[in-house]
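Colleague: Here is how the chains run, residue by residue.
There are 2 protein chains.
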Amino acid sequence: MIRAFAAAVLLASAFTAQALADPLPSWNEGETKTAIIDFVEATTSAEGGRFIDPSERIATFDNDGTLWAEQPAYFQLLYALDKAKEMVAADPALAEKSPNLKAAADGNMEALLADGHKGLLEVLAATHSGMTTDQFKASVDEWLATAKHPKTGRRYDDMIYKPMLELLTYLRENGYKTYIVSGGGIDFIRVFSERAYGIPPEQVVGSSIKATFVVTDDHAQTQKSAELFFIDDKEGKPVGIDHHIGRRPVIAVGNSDGDLQMLQYATRGKDNALAILLHHTDAEREWAYDRDSHIGTLDEALDEAAREGWTVIDMKEDWSAVFP
Amino acid sequence: MIRAFAAAVLLASAFTAQALADPLPSWNEGETKTAIIDFVEATTSAEGGRFIDPSERIATFDNDGTLWAEQPAYFQLLYALDKAKEMVAADPALAEKSPNLKAAADGNMEALLADGHKGLLEVLAATHSGMTTDQFKASVDEWLATAKHPKTGRRYDDMIYKPMLELLTYLRENGYKTYIVSGGGIDFIRVFSERAYGIPPEQVVGSSIKATFVVTDDHAQTQKSAELFFIDDKEGKPVGIDHHIGRRPVIAVGNSDGDLQMLQYATRGKDNALAILLHHTDAEREWAYDRDSHIGTLDEALDEAAREGWTVIDMKEDWSAVFP
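Quick note, the sequences are listed as chains A and B, same order. Taking the numbering used here, I'd label the letters of the first sequence as residues 85 to 408. Taking the numbering used here, I'd label the letters of the second sequence as residues 85 to 408.
FYI, nobody ran anything at the bench for these hints, they're computed from the structure. This structure is a prediction, so every number in the text was calculated from the model and none was measured. There could be a bad hint or two in this list.
Treat identical chains as interchangeable: a pair holds within one or across any two.
Here are the computed lysine-lysine pairs in the DSBU-like style, where the Cα-Cα straight-line distance is at most 35 angstroms [what the hints assert, rightly or not]:
(1) Lys354 - Lys221
(2) Lys354 - Lys167
(3) Lys294 - Lys221
(4) Lys181 - Lys354
(5) Lys186 - Lys261
(6) Lys169 - Lys261
(7) Lys181 - Lys246
(8) Lys181 - Lys261
(9) Lys354 - Lys186
(10) Lys400 - Lys181
(11) Lys318 - Lys221
(12) Lys294 - Lys261
(13) Lys400 - Lys186
(14) Lys400 - Lys294
(15) Lys354 - Lys235
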């Protein structure tokens, strides 16, 4: 009797301690939150046979639409449009030379996205090259400090998801190394990843253009060319992970078909791995889009999630807050 | 008088403590050892104006000829020769199709090195592709466990430099993050970097061939193609560092002209950075070679070291031990 009482008290106090120390306060109670916490507890516990050595605790996160918003267009594209506008204003002849650069300067995104990603890539190359890596980063930093999102009026680096920040912190507190693996530009993301997410530059994997090395009497720098080096999207994500990290992730988090292969790479043929998809279902607090969206298309990956039993975050249901 | 005595006692005990805790016991006392310890102490001390934030304490090390030996040929080439021999034995028609593969199978290194690096690259491609990354790593692991160095009869991963292991440990104990930045293959080095040097796979930068992503019902893997992706040598080293780490090193260590640009990248235009060159001067315990060597040519970088005041390790004079 006394033992039963003592056990009940212990249980209750353990329950209270856990409730007090909720690692994911912006996540509503439910299947999604439970699946995440269960996985982290199982893989960090010596008992239960699912322990993962700290060196293998690799968690990879997509960026656009997973850690920060991506509507009405990828924020890096909005940066490129602003830069294109500056470039065309400074040298109007550019508009005649490149219809895509003109479309960018005019903010005509439909024209840019019409031809697959070709127009987009041309504008990205034009606005992301011909300078040193340091100069590019300074330009992005300046833009982030002043540019405002067209719908919310917030700074772009304020449009990050509070529940995801909690998840990143929770994972790191449990010995997970958190990486960004993004289709976006590696140098672009590195400008704000540490201050926004606590993810240092060496843990950012992304798309990139070729760089060259330039040395003078005063400095030695890398210079960004206009030639693509690597596209870290779809099949490119597992390849980029393998190249940068050299280990397979055990947690992979994404929100679109561009993340499908990364989630497969983390989980296929393995029992002890967690794939998470963020489904944008919240038209009120954020945006609602999936299969038919041009930006962040979520179609095949949603089907695969159902087949494979991946964890799908329903933004509207699962998150009590969206932005900080 | 009493104060002077107390000061002398303090000084003596501090001296004793430091002597007891020599972080680099295989390094002889002298300019080289002093330069290294002075730099580490200055950059980790709040006083003196040379403090470097732990996040920026990046130290990059070349591998071949810097962390392990590279004579009579790069060890990865010796792996490729052994594999070429196996391949030609299994399928003799290969020898007719590829004179370079035949030269490799015959151990005819002169023929392989005659035409710049072309023959070598062909043999590397043939022996490093057409398998998954996991299969390749398993093959290297097996080879390392059995292959012996032709001169010393040691395992290749025993031919690592004891003083460099001490330096790596000393740097990590002082908050430095240690990286390998090698012209050698990234997947090859990752097989042994953690157990040999304490450097995890995600801190290895190297040359690589293109990979593709292959997914089946049972597994998802990367597959190595025969096409070059990136050569992490000479001008490629700063580019590779920038791509993988996204920060400039403050310590860079190499031994050949292939490391010149990495050392420039770390130090040019900066007061608070350390460039170290290992000069192979010890024909008795290891090898003596520099300007005229085909492997690990040290010519331009030696001149630059003299001009720039870089720290040059004289293996014979500065190291009391070479191998563990």
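Colleague: Against each hint, give a clear statement of whether it holds in the structure.
Modeller: Verification of the hints:
1. Taking the shortest Cα distances, Lys354 and Lys221 sit within 35 angstroms of each other only across copies (19 angstroms), while inside one copy they are farther apart (39 angstroms).
2. Proximity of Lys354 to Lys167 under the C-alpha cut-off of 35 angstroms is restricted to the inter-copy arrangement: shortest distance 31 angstroms between copies versus 45 angstroms within a copy.
3. Taking the shortest Cα distances, Lys294 and Lys221 sit within 35 angstroms of each other both inside one copy (16 angstroms) and across copies (28 angstroms).
4. Within a single copy, Lys181 and Lys354 get their C-alpha atoms no closer than 52 angstroms, and across copies no closer than 41 angstroms, so neither meets the 35 angstroms cut-off.
5. In this assembly of identical chains, Lys186 and Lys261 lie within 35 angstroms of each other by CA distance neither inside one copy nor across copies; the values are 42 angstroms within and 45 angstroms between.
6. In this homomeric assembly, Lys169 and Lys261 never come within 35 angstroms of each other (Cα to Cα): the closest approach is 39 angstroms inside a single copy and 41 angstroms across copies.
7. In the homo-oligomer, the alpha carbons of Lys181 and Lys246 never lie at most 35 angstroms apart, since the shortest distance is 43 angstroms inside one protomer and 60 angstroms across protomers.
8. Taking identical chains as interchangeable, the C-alpha atoms of Lys181 and Lys261 are never at most 35 angstroms apart, the minima being 46 angstroms within one chain and 47 angstroms between chains.
9. Taking the shortest alpha-carbon separations for Lys354 and Lys186, neither the intra-copy value of 49 angstroms nor the inter-copy value of 41 angstroms comes in at or below 35 angstroms.
10. When the C-alpha separation of Lys400 and Lys181 is checked against a cutoff of 35 angstroms, the pair qualifies neither within a copy, at 46 angstroms, nor between copies, at 62 angstroms.
11. For a Cα distance limit of 35 angstroms, the shortest separation of Lys318 from Lys221 qualifies both inside one copy, at 26 angstroms, and across copies, at 24 angstroms.
12. For the homomeric pair Lys294 and Lys261, the shortest alpha-carbon distances inside one copy (27 angstroms) and between copies (26 angstroms) are both at most 35 angstroms.
13. Taking the shortest Cα distances, Lys400 and Lys186 never come within 35 angstroms of each other, neither inside one copy (38 angstroms) nor across copies (64 angstroms).
14. Taking identical chains as interchangeable, the C-alpha atoms of Lys400 and Lys294 are never at most 35 angstroms apart, the minima being 40 angstroms within one chain and 41 angstroms between chains.
15. In this assembly of identical chains, the alpha carbons of Lys354 and Lys235 never lie at most 35 angstroms apart, being 42 angstroms within a copy and 44 angstroms across copies at closest.
Going down the numbered hints, you'll see the structure goes against 4, 5, 6, 7, 8, 9, 10, 13, 14 and 15, while the others check out.
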